[in-house]
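Knowing the structure of chain D, use the given hints to seat chain Z on it.
Residue numbers (the numbering used here), protein chains in the order written: chain D, 1 to 372; chain Z, 1001 to 1372.
Everything labelled a hint here was simulated from the structure, so no lab data went into it.
Just so you know, even glycine gets a beta-carbon here, dropped at the ideal spot from N, CA and C.
Some chain D residues judged to face chain Z by a derived CB distance under 8 Å, without partners named:
#1 Tyr173
#2 Arg174
#3 Lys177
#4 Gly262
#5 Ser304
#6 Val305
Computed, partial: chain Z to chain D, Cβ under 10 Å:
#7 Leu1175
#8 Ala1224
#9 Val1227
#10 Gly1260
#11 Gly1262
#12 Leu1301
#13 Pro1303
#14 Phe1307
Computed footprint of chain Z on chain D, listed as stretches where at least three residues anywhere in the stretch have a Cβ under 8 Å from a Cβ of chain Z:
#15 178-187
#16 213-227
#17 270-283
#18 308-320
There are 2 protein chains.
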Amino acid sequence: MAVAIIAAMPTPLHNDAFLRACLRQSTPRTPVWLMRQAGRYLPEYRATRAQAGNSFMGLATSPQHATEVTLQPLERYDLDAAILFSDILTVPDAMGLGLSFGAGEGPRFAHPLRDEAAVAALRAPDLERLRYVFDAVRSIRRALAGRVPLIGFSGSPWTLASYMVEGAGSDDYRLVKSMLYSRPDLMHRILEVNAEAVAAYLNAQVDAGAQALMIFDSWGGVLADGVFQRFSLDYTRRVVAALRREAEGRRVPVIVFTKGGGAWLEEIAGIGADVVGVDWTVNLGAARRAVGDRVALQGNLDPSVLFAPPEVVAREGVAVLDAFGAPQRADGGWDGHVFNLGHGISQHTPPEHVTALVEAVHRHSVAQRRRP
Amino acid sequence: MAVAIIAAMPTPLHNDAFLRACLRQSTPRTPVWLMRQAGRYLPEYRATRAQAGNSFMGLATSPQHATEVTLQPLERYDLDAAILFSDILTVPDAMGLGLSFGAGEGPRFAHPLRDEAAVAALRAPDLERLRYVFDAVRSIRRALAGRVPLIGFSGSPWTLASYMVEGAGSDDYRLVKSMLYSRPDLMHRILEVNAEAVAAYLNAQVDAGAQALMIFDSWGGVLADGVFQRFSLDYTRRVVAALRREAEGRRVPVIVFTKGGGAWLEEIAGIGADVVGVDWTVNLGAARRAVGDRVALQGNLDPSVLFAPPEVVAREGVAVLDAFGAPQRADGGWDGHVFNLGHGISQHTPPEHVTALVEAVHRHSVAQRRRP
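If we strip away everything but chain D, and leave its shape as in the complex, we get (with noise of 0.2 Å):
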């Protein structure tokens, strides 16, 4: 008995500086961390997969590699939060569409979504299929031993939508837009069906042990103003509705981040979210007072100036922070950033460059707290 319950105690979180800037709660510097920050722009991970059968999916399916490959950026970099290493694809295929990652090229699907039929007969899938995912975040939480909170995530029912229509990436959304503006039953239905498993999905990270959830609309900002809040914001929000909230005594913070939605900052910062996370187009100063103290918010580094020299990483780390100012609010409350690119890291990033920034935002936003 006693035993099962030591077993059951969480370990106690050492850095809890990511889930803290989440809440706009204070933290002593700014946290960071990198979308696809374990990755193919790190030798050890190739290394990894290279053992895999150079597999993406032979990775994700095997908690002990998805462990090894979360873990890595961490022993690397002074990096505030890990991420469960997955693919937001992993619902659809256990849907059954039959996801597959060619050599070199990105995801596809065997069944897309192409008629009524196919729509019809979707259904949110038994997460018995998915308790490989499960798996690895009991095993990665196990791992960090408290050392960083572990992020989960998944993609939005339309980013999910409009790749299992589509059935691989696109250039042109043509399939889905069409099915979106001829056949908005069927679209809706997919959606529907997508925010249930999208919940559910999520909710078992959190009972797994995630410590955050992070909803990816890598696609919803390629949608037309009125046609994004309809297909895509309305059914995030019923995702965020019915999230978990609080494990193990602790609030699990729940980060939006839609790809190109600068547009729409104010109507996501509404949706019952924690974080928004924004891209680089976005200037952070002005984010922070159109979402007031609704929400904190994520980003915003253009990914690419990695390329760059470490001491223009370096700079340019500091301009965002700069961008978003002192979390301290002159009526002394907090307002939440959390420092984080605008979108993945790119695999041609020199993995010292990442250093330099990381040390770099922790450095400068010590010196911006100390600041009267």
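Structure of chain Z alone, referenced to chain D:
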């Protein structure tokens, strides 16, 4: 003598709604044209292109072919403007970068700008090398015979620079952004040369008969806030300031279109252009309030709407007009709206759907003007 004078006299313009809307003057209906309206979605275009050896540049460099394809959409649709059939990359080609279009591929430069020596050697081109463009403008004007105005165009200094450094289209703009962040001096030098070249090129189009000018900043939206202003907008401003703004006794309106530039709408509205083009992520009503009476707006239907059935196309076209609202202001003045897509028309567009769009825009915009 009399003959020479008559030949030099401009043909009267039968439909000047486009020019008037650009200048925020009253119009009986909202003018409409479509970016890339002369293009692959039209079977007659494909036929002419086949005659020209299936070569894009074969069409663009032949004034006869360029005239033929420029007029093709006007035969099918009741459009309110024609746009020169050409490509934004004619200018770097004339600088000696060696433009080619591979079969089924995008443009490619044989000699991209990759080092300091190449940048130092860059010069604005001898306009004689672009004579085929000005010949095409003259030929198209003759063929139009005053039916609708002819729009000339160019890429923006930044958008041209992106292609000139990348050497082709790009997903991540790695090379050009690396140069921008690592060697801003080289990037500024390219942009200075481009700004000089673009201004001279556009003025020569006006001399040849272009009645309005459009600057396509197609890749401005990939830049970070702050960087966009210094590396794209500042150079577009220089171009606008150097343009000839009157010809044949009329104002020559200038349209600036930054794809993905919604975040910077008010700044773009302040660089001296008459019209700002916006993509479909922008709410036209909010944009109209933001720009006030400084500029007219052009846009902004998602081109993907044209894949939907004609009745949906018509409905969505009407929705764009309603988002802008009736152009008459409460004070009796007029705000300008030029209906367009938010990006070039897709090659997969069914041509008859365009008919439905143009008719709906004209019909509904007349009705809007009748409301009290």
